[in-house]
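Q: Just so you know, the sequences run in chain order A and B.
Using my numbering, read the first sequence as starting at 1 and increasing by one per residue.
Using my numbering, read the second sequence as starting at 1001 and increasing by one per residue.
Be careful, since some hints might not be right.
Partner residues aside, some chain B positions facing chain A, computed with beta carbon under 7 Å [what the hints assert, rightly or not]:
1. Gly1009
2. Thr1016
3. Tyr1018
4. Ile1181
5. Lys1182
6. Glu1191
7. Gly1220
Chain A residues, not near chain B, derived (Cβ > 12 Å throughout) [what the hints assert, rightly or not]:
8. Gly85
9. Lys144
10. Gln176
11. Lys272
12. Ser273
13. Pro384
14. Arg398
These are computed hints drawn from the structure, not numbers from a lab.
Ideal placement from N, C-alpha and C gives every residue a C-beta, glycine not left out.
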Amino acid sequence: MVFNSLQFLVFFGIVTSAYFLLAHKYRWALLLLASCYFYMAFVPIYLGILALTIVIDYFAGIYLERFQGGAKKIFLGCSLLANLGVLAVFKYYYFFTANFNFLANYFSVPGHLPVLNILLPIGLSFHTFQAMSYTIEVYRGKQKAERNFGIYSLYVMFYPQLVAGPIERPQNLIHQFYEKHVWDTVRVKLGLLQMMQGFFKKVVIADRLALVVDPAYANLSNQSTWNLIIASIFYSFQIYCDFSGYSDIAIGASKVMGFKLMNNFNAPYTAKSIPDFWRRWHISLSSWFKDYVYFSLGGNRVSVPRWYVNIMIVFILSGFWHGASWNFAIWGALHGLFQLIGLTFNRIFPILAADQRKSAGGIWMYRLLTFLLVTIAWVFFRIPKFGDIQIYFRQLTRGSILDPISLALNTNELNISILLIIGLYLYDFKRDKIRVDSVKLFWPIMSGLVFLIYFFGVFNLKQFIYFQF
Amino acid sequence: MQKLLAFIGFIFCALTLYLTSSNSGMKWIAQDRYSRIGALGADKYLYGDLYGLAYLSKFKQVKDTNFVPLPPIDQKAYPKSANLFILGDSYLYSFFTQDPRYYVGVNQVQFIRWSVANPVEIIPSKNKKNILLIESVERNMSGLFNLNSVKARLDKAEAANSKQNTRQKIAFFSSEIDRGIKKSLYHQSLEANIEFAWFNFGFLESLKEFKADFNLNFFGRVDKDVAISKDQHFLYLAETVNPTHAGSSFFEISEAQINGQVQQLNAIQEYYKAKGFDEVLFSIIPNPVSVLRTENRRENHLIQRIKSHPDFKGKLIDPSEGLSKNATSNFFTSDSHWNQRGAKIWLDQLNIRLKNSIYLGN
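My request is simple: use the sequences and hints to build the entire structure.
A: Following this line, the structure appears as structure tokens:
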């Protein structure tokens, strides 16, 4: 069930109204049942895989609390092994065997690993990471083991963030299932507005930009330099609106029922550097990697070369988290590399960097450079095949910027897309000053958004990009 | 007050889900909606299925939904000595009732839809001539005209006994569980059903048309499943025009693919002849765009290439030529199907074939 569907509206209406009608003690059961129903709309049988890891992590949590020393480590190891094992089988096995068999062929080594074409359970990386954060936090003693199996299951399966995050931490979410949320009109309105904002980003902006991006990337060898430049910039905003739109709907839907999920985006394209970008983009994932991988490797409290290695490890892992494919690893590595270059530059020219950032022009230059680097990296994220990446850069450099734009798109559509991007950027840039979520203006804003979505939306039930991870 | 609001919301949404998840619920809604005219009536198929997707005002023309009248066949001259089994699609069942009087020399006709959920066992009669007609529109033909696909609709025993290794059995078993759960929890047309239940009212028609016309005039965009012909007179299913889609009349088809298709048709014929059918006929209904020829593009000539293939051993009913004469009068302007005239052309051709098969033995 995708958020941008009528099925979801009906589902949301039933679950939310039933939530407020039911006595508090039954609410967790309602949400758990609803989450199972929501998840089974994709591939029902994969609920079994989710259930398996939930059972393992539930008991691991309890035993982690009960034991100390070596035994505790064993239970943590079992839990991580179970979660990573599921990831390895369903997400990375095909990648591993394909690469192994390729190398075996290349070096004429006899014997091949069997290739299993297993369908990837939707949102696997998201709920696996959320489950792992629970056992790690219990291991670290920062979270009590959850005794109520239903509540723990709901922590992993809470439907708004089940398939594409935000990846929550147990300290933030579990206690909320015990709290009694009463109807609060202001909160409900704010939640609905945030949801509508998410629908707008997805249906009006992301899916409209896809009209340019998808055909261009599907037929790279026929694209001019300008076409590729426009398609690449559009893709940067498409993926942003697609993913942040999803997060807005998830956070808004939770807010209506009284749950507070962590913020996942904070105007990422206004970032002034690559580290700044990562503080604003997919915050729940970048903070997960920071807390559980980067700090575990020693963070920056090690020698400079080791620090640089740590950064590269985290970014390459982050790339692989997105998908079992080399292009995602390159995407991650590029971000790591940009970060290292930035760090080195700042170390060599600390005064220059500092001075530049003081002037408005300098800040804008940094913003532009950051956006440019992020957009270049997105190219590797978007194109899975090396051959196609080569074609992309060949076409990009072959033509001239004087070549005409020949996108298969109506001029008005193109102009509206550009206006939407500018509007979004300005909104992001001044979001603290523009109170779009003002409750006083609920009805005008809500009806305005409904009107815009209806007339300017591109309705093709296109799935959210991040569902595939 | 909040509780009351939540209660009303719950009842409304639960009722929507309940009705739109069941075939009987949808039938009830559709019957009620189509029985009304005006603000509370439904408009979705009144003006053609493609109008119901695109809502473009200039393509709003009331569609004739009557069945093709029975042809004047001299029943005495052609005694009923055959049973006709038809595996086909909406090009037939929307235009002909299951009445043997449509067909020359046919005593009994049984119609099986491609969309049938479970295989329907067809048993050839011992004292009549048995004719199996397999029909599909051009756009769906490559996916349907193969032995496995036909067996899946017509061969109960075969579907149950197909040999599988353990891995395939596990995969089959799990996919069956999956399918079962999905079927019981989510109606396969749930999204379309909700859309119909919530938004298919006459009073919303002008709003939909306004939006569709605005999108066309300002953005040059129509519904993703629909395309407008180059001469601006017809609506087509987008997939039949899009050259990257396998069902398109402009999709490039290699000789090897045609050879493979012909082999499949021969295999179907051999299999069902061995099962006791005297005659296996095939019919491929051309996509409207293949006949109307409005697009000035290189066509793949799929039907003609199969028909003239030297290895093709079957008999193909191809109404292309008949439909091409006064082509524009044989199709609805805003529907993916032919009209009653077009259907009649096909029927005449089938009846000539039946006469030849039943009485002349060729």
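Q: Each of the hints needs a verdict: does it hold here or not?
A: Hints versus structure:
no., hint, verdict
1, Gly1009, "4 Å, holds"
2, Thr1016, "5 Å, holds"
3, Tyr1018, "10 Å, violated"
4, Ile1181, "4 Å, holds"
5, Lys1182, "6 Å, holds"
6, Glu1191, "6 Å, holds"
7, Gly1220, "4 Å, holds"
8, Gly85, "19 Å, holds"
9, Lys144, "33 Å, holds"
10, Gln176, "20 Å, holds"
11, Lys272, "36 Å, holds"
12, Ser273, "38 Å, holds"
13, Pro384, "19 Å, holds"
14, Arg398, "24 Å, holds"
Checked against the numbered hints given earlier, this structure breaks only hint 3.
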